[in-house]
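Chains as they are written, first to last, in the numbering used here: chain C, 184 to 567; chain V, 2 to 236.
It should be emphasised that the hints constitute simulated quantities derived from the structure, not laboratory data.
Glycine residues also receive a C-beta, built at the ideal position from the N, C-alpha and C atoms.
There could be a bad hint or two in this list.
[Stated by the list, open to error] Selected chain V positions facing chain C (in silico; Cβ < 7 Å):
#: 1; residue: S130
#: 2; residue: I132
#: 3; residue: A139
#: 4; residue: Q196
#: 5; residue: H198
#: 6; residue: H199
#: 7; residue: I216
#: 8; residue: G218
#: 9; residue: P221
[Claimed, not checked] If you anchor each label on the Cβ, the simulated ranges turn out as follows:
#: 10; chain 1: C; residue 1: S219; chain 2: V; residue 2: N119; range: 50 to 56 Å
#: 11; chain 1: V; residue 1: H32; chain 2: C; residue 2: K280; range: 47 to 53 Å
#: 12; chain 1: V; residue 1: S231; chain 2: C; residue 2: S513; range: 50 to 56 Å
#: 13; chain 1: V; residue 1: D106; chain 2: C; residue 2: S334; range: 36 to 42 Å
#: 14; chain 1: V; residue 1: A171; chain 2: C; residue 2: K280; range: 19 to 25 Å
#: 15; chain 1: C; residue 1: P532; chain 2: V; residue 2: H32; range: 29 to 35 Å
#: 16; chain 1: C; residue 1: K549; chain 2: V; residue 2: I173; range: 42 to 48 Å
#: 17; chain 1: C; residue 1: P223; chain 2: V; residue 2: S223; range: 31 to 37 Å
#: 18; chain 1: C; residue 1: S382; chain 2: V; residue 2: Q29; range: 45 to 51 Å
[To be verified] No more than 27 Å apart at the CA atoms, straight line, and that leaves these computed lysine-lysine pairs for DSSO-like:
#: 19; chain 1: V; residue 1: K213; chain 2: V; residue 2: K182
#: 20; chain 1: C; residue 1: K428; chain 2: V; residue 2: K214
#: 21; chain 1: C; residue 1: K418; chain 2: V; residue 2: K210
#: 22; chain 1: C; residue 1: K222; chain 2: V; residue 2: K159
#: 23; chain 1: V; residue 1: K213; chain 2: C; residue 2: K418
#: 24; chain 1: C; residue 1: K418; chain 2: V; residue 2: K136
#: 25; chain 1: C; residue 1: K369; chain 2: C; residue 2: K567
#: 26; chain 1: C; residue 1: K298; chain 2: C; residue 2: K222
#: 27; chain 1: V; residue 1: K184; chain 2: C; residue 2: K392
#: 28; chain 1: C; residue 1: K392; chain 2: C; residue 2: K369
#: 29; chain 1: C; residue 1: K271; chain 2: C; residue 2: K567
#: 30; chain 1: C; residue 1: K418; chain 2: V; residue 2: K230
#: 31; chain 1: V; residue 1: K136; chain 2: C; residue 2: K298
#: 32; chain 1: C; residue 1: K549; chain 2: C; residue 2: K312
#: 33; chain 1: C; residue 1: K418; chain 2: V; residue 2: K208
#: 34; chain 1: C; residue 1: K392; chain 2: V; residue 2: K230
#: 35; chain 1: C; residue 1: K311; chain 2: V; residue 2: K136
#: 36; chain 1: C; residue 1: K557; chain 2: C; residue 2: K458
#: 37; chain 1: V; residue 1: K159; chain 2: C; residue 2: K392
#: 38; chain 1: C; residue 1: K458; chain 2: C; residue 2: K535
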Amino acid sequence: MVSKLLIGILLTNVSHALANKNCIPAYEYIPFEGESWAKPDPQTGYIQLGTYSRISPDGKYVLRSLSGQYLTTVTLMKLTEVGEKNKKATAIETDLKNEAFAVQNTWRFIVDINKEHHTLENLTTKGKKSKPDLSAGVNGFYTTAAEISSSNNTSIIRSLSWPSEGDASSSQGQGALYNKIYSVKKNDHNSYSLISESSNHYLCGNLRKTEGSIFTLPMLSMNGSEFSAMPVNPKNHNPTMRIYKIADNNKDCELIDDLGTTASKLIFGHPRPGKKALVSYASGQVYIYDRDLQTHLEINGYPMAIIPDSFPGFTRDGRLVFAAHWSDCSTGTCQTRSGYVRVDPYQTPNLKALSHHIGFETHYPKCITYDDIKDSENWLLQHK
Amino acid sequence: MRILKLIAFIIILRDQSLLWATPNCQKQLNHFLRSEKLSTKIPNQYGVKDWFRVSESQFQTLKFRRPLADSQWIDVITDQSCKIINSNLISDIKIEFRPNNNNDDFTDEQLLSLSKKNSLTLIYIWSPSMIYSMKEIAIAEKIARTLKIDFLPLHDNKYEIQPNNHRKLAGIGLSESILNKSKPQKSNYLNFSHQIHHYPLMFIVGKNKISKKMIAGVLPESIWRQELKSWSQNY
Numbered sequence: 184m185v186s187k188l189l190i191g192i193l194l195t196n197v198s199h200a201l202a203n204k205n206c207i208p209a210y211e212y213i214p215f216e217g218e219s220w221a222k223p224d225p226q227t228g229y230i231q232l233g234t235y236s237r238i239s240p241d242g243k244y245v246l247r248s249l250s251g252q253y254l255t256t257v258t259l260m261k262l263t264e265v266g267e268k269n270k271k272a273t274a275i276e277t278d279l280k281n282e283a284f285a286v287q288n289t290w291r292f293i294v295d296i297n298k299e300h301h302t303l304e305n306l307t308t309k310g311k312k313s314k315p316d317l318s319a320g321v322n323g324f325y326t327t328a329a330e331i332s333s334s335n336n337t338s339i340i341r342s343l344s345w346p347s348e349g350d351a352s353s354s355q356g357q358g359a360l361y362n363k364i365y366s367v368k369k370n371d372h373n374s375y376s377l378i379s380e381s382s383n384h385y386l387c388g389n390l391r392k393t394e395g396s397i398f399t400l401p402m403l404s405m406n407g408s409e410f411s412a413m414p415v416n417p418k419n420h421n422p423t424m425r426i427y428k429i430a431d432n433n434k435d436c437e438l439i440d441d442l443g444t445t446a447s448k449l450i451f452g453h454p455r456p457g458k459k460a461l462v463s464y465a466s467g468q469v470y471i472y473d474r475d476l477q478t479h480l481e482i483n484g485y486p487m488a489i490i491p492d493s494f495p496g497f498t499r500d501g502r503l504v505f506a507a508h509w510s511d512c513s514t515g516t517c518q519t520r521s522g523y524v525r526v527d528p529y530q531t532p533n534l535k536a537l538s539h540h541i542g543f544e545t546h547y548p549k550c551i552t553y554d555d556i557k558d559s560e561n562w563l564l565q566h567k
Numbered sequence: 002m003r004i005l006k007l008i009a010f011i012i013i014l015r016d017q018s019l020l021w022a023t024p025n026c027q028k029q030l031n032h033f034l035r036s037e038k039l040s041t042k043i044p045n046q047y048g049v050k051d052w053f054r055v056s057e058s059q060f061q062t063l064k065f066r067r068p069l070a071d072s073q074w075i076d077v078i079t080d081q082s083c084k085i086i087n088s089n090l091i092s093d094i095k096i097e098f099r100p101n102n103n104n105d106d107f108t109d110e111q112l113l114s115l116s117k118k119n120s121l122t123l124i125y126i127w128s129p130s131m132i133y134s135m136k137e138i139a140i141a142e143k144i145a146r147t148l149k150i151d152f153l154p155l156h157d158n159k160y161e162i163q164p165n166n167h168r169k170l171a172g173i174g175l176s177e178s179i180l181n182k183s184k185p186q187k188s189n190y191l192n193f194s195h196q197i198h199h200y201p202l203m204f205i206v207g208k209n210k211i212s213k214k215m216i217a218g219v220l221p222e223s224i225w226r227q228e229l230k231s232w233s234q235n236y
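Extracted from the complex, chain C is given alone in its bound form (with noise of 0.2 Å):
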C-alpha cells in the first residue's frame, strides 16, 4: 500500500516536472529532402506537394492524394515531432485511390473513394495492406467526412459529397449536394463494424430561392454540423464563400456566415469554447477567418518567404499546417525548398495585433503549448 502510495507521488511530481507551458516555435519549416520522392515529378517538372493535404488531428499526418510519380497516389506524410532539430517528412505509402479522405475530427479512419473505410492505425503501421473494417457513407468525389459524436463505443458519423454520376436514385437531379449519417460500433481486437446508414439526404433544399441548388468546393466542419461551400448561382450573383448549419433533419440549411470573398476550399478548425471555430484558406497567402470578428486575417511574419501549394488544415490544438515552397536563404545563397509548413497562427503578428487592439489578450491564447499537444494526443488515444 504504502509503495503505491510512494510510486503514486512520484508520478504525480515526474508529471508535474514534464508539464510543459512553453510556447511551441511559431514557425517550423519540414523539408521534402533526401528521400527518392523528393524531386520534381518528371510528367509535371514540378515537385508534387499534395494538392489535397489533409491535416491529422495531432499533427503527425498529412493525407496526400495525387501524389505523383515517385509515391503511389495516397500517402500518408508522418511529419516529425514539434521542436525536434532535424525536422523531416517520412512517406507511408497506401492502396488508397485518388482523393482519398479522413473523417475529420478524430481521424478513426481514412475513407477510399469506393467508401472502404481504414483505420488510421491499420494504414500506418501496414500500408498497402492494410484492410478495410466496413464499407459505408457517398462516394462522390470530393467527398467531405466528420465524425459527429461517440460514446460506448460506438461513433456516429456524416459524409457528404454529390450523387455519382449516372445515380438514378436522384430525385433531386444532378447537382445537389447530400449527405448520409451512419453508425460504427468498435468490437473487441479495435476493429470496427457498421451498425446503421441512413439513406440519402439531399440538402439545402429550403434555400434554393436564395442560394440556388448547385454549390462548389464543400467542406465539412470538425463535428460536421456545418460546412462551407460557394453556391454557383445565388440570387445576388455573388458567389462568395458561404457557412450553412445543418439542421436536425439532415437536409435543411441556415446560412451563417458570408466571408464576402471567393476562396479555394475552406477548412474548419476544431471547436473553441464560447466562440466559432476559426476557418482558414489560401489565397496566394494563407489566410484565418474569425468568424466571430467576420474579420480575414493573413498568417504573416514567416522568416523565410512561402508560397503555399496546399489547402491548410488546423490541428486540434490550432496549428495551421500547409505545403508550400520557401525561399532558404539560412546559407547565405538563397535556394526554394519544398514541404510542410507548421505555423503557431497566435504567434503570427496579425492575430497578435488583433489581440492587443482588444485588450487583455483574451481573444485568443498567447500561443500554443508543449502541453496543448499533449493534449491533444491523449484526446486522440481517448478516441481511437
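Fit chain V to the supplied structure of chain C, relying on the hints for placement.
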C-alpha cells in the same frame, strides 16, 4: 462594483468598434462606391462598374478594389470604424503597376478584346499544381464545342509550361492543341474580379460582357454541361 461595471462597459464599446466588417458597414461602403458622384470621376474601361472585395492583409482594414486601366487599379481601404482612410478618394488613389508581360501572356487588353466579340468564349483556367484541373480540361473543351462557343485555356502564371513537358502533360489529359493554345493568366481584371484561388475556374466572356458567374473546382460533368448551357443560352 461600479468600477468593474465601467470597465466592462468600456470593453464592450471597444469590441463594438472592431466590428467594421459588419454587413451594415459593407452595405454603407458598397452604396458609396457605387454612387453616381463617384462613378463619374472614375474611368470605366471595362464597361463594368463593380468594386471587388479583396482579402485584407491587416485586420483593421477593409479593402475594395476596382480595375482602372490596363495596369492600374484603385484600392479603397477603410479603417476599423468603417471610415474610408483617404478623405479625398481621387487624389489619394493608390496606383500600382505590374511587371512587364510577354507577348504570350493573357492580359487585360486581350480580355477586353474577347469581351467585345459578338460570339461567346468559355475561359478555363488551370494549374499544374491542381491535377484535376488538367484531367478535366478535355471535358470542358468538349462541352464548349457542343454548345458552339469558343474555348480558351489559360494557366496559372506561377508556372512556365515548357514545350518539352508537352508530351508528359498529354498523359494527364492536356492535348497538344490545348497546350499550344494555353496562355499564362496575367489579367489583373480577372485576378480582382474572379479572385482566382482555385483551379479549374470557368466563366464566359463576350457580347460586351465579362460574366461574373463562375464555376470554381470540378463538378460532375452533367452539372458543368447543365450550367454552361444555361449560362450561354441566357447570357
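| Satisfaction of hint between K210 of chain V and K418 of chain C, Cα-Cα up to 27 Å | At roughly 19 Å apart (the allowed maximum being 27 Å), K210 of chain V and K418 of chain C satisfy the hint.
| query | Is the hint on H199 of chain V kept, meaning its closest Cβ partner in chain C is under 7 Å away? | reply | holds, 4 Å
| request: Have a go at the G218 of chain V hint: is there a Cβ in chain C nearer than 7 Å to its own Cβ? | output: holds, 5 Å
| query | Are the Cα positions of K184 of chain V and K392 of chain C separated by 27 Å at most? | reply | Answer violated: K184 of chain V to K392 of chain C is near 38 Å, above 27 Å.
| query | Does K458 of chain C pair with K535 of chain C here, judged by a C-alpha cut-off of 27 Å? | reply | holds, 17 Å
| said: Would the hint linking K392 of chain C and K230 of chain V be met if the CA-CA limit is 27 Å? | reply: holds, 20 Å
| task | Determine whether the Cβ-Cβ distance between D106 of chain V and S334 of chain C falls within the hinted range of 36 to 42 Å. | result | Since D106 of chain V and S334 of chain C have Cβ atoms about 58 Å apart, the given range 36 to 42 Å is violated.
| CA of K136 of chain V to CA of K298 of chain C, is that 27 Å or under? | With Cα atoms ~22 Å apart, K136 of chain V and K298 of chain C stay inside 27 Å; holds.
| said: Checking one constraint from the list: CA of K549 of chain C to CA of K312 of chain C, max 27 Å. Satisfied? | reply: Given pair K549 of chain C, K312 of chain C is violated - Cα atoms ~43 Å apart, limit 27 Å.
| Is it true that the CA of K213 of chain V sits at most 27 Å from the CA of K182 of chain V? | Given that 27 Å is the threshold and the Cα spacing comes to 23 Å, the pair holds.
| task | Could you say whether the range 45 to 51 Å given as a hint is met by the Cβ separation of S382 of chain C and Q29 of chain V? | result | holds, 46 Å
| Do the alpha carbons of K418 of chain C and K208 of chain V lie within 27 Å of each other, as the hint requires? | holds, 22 Å
In summary, the numbered hints that this structure violates are 3, 13, 24, 26, 27, 28, 32 and 37.
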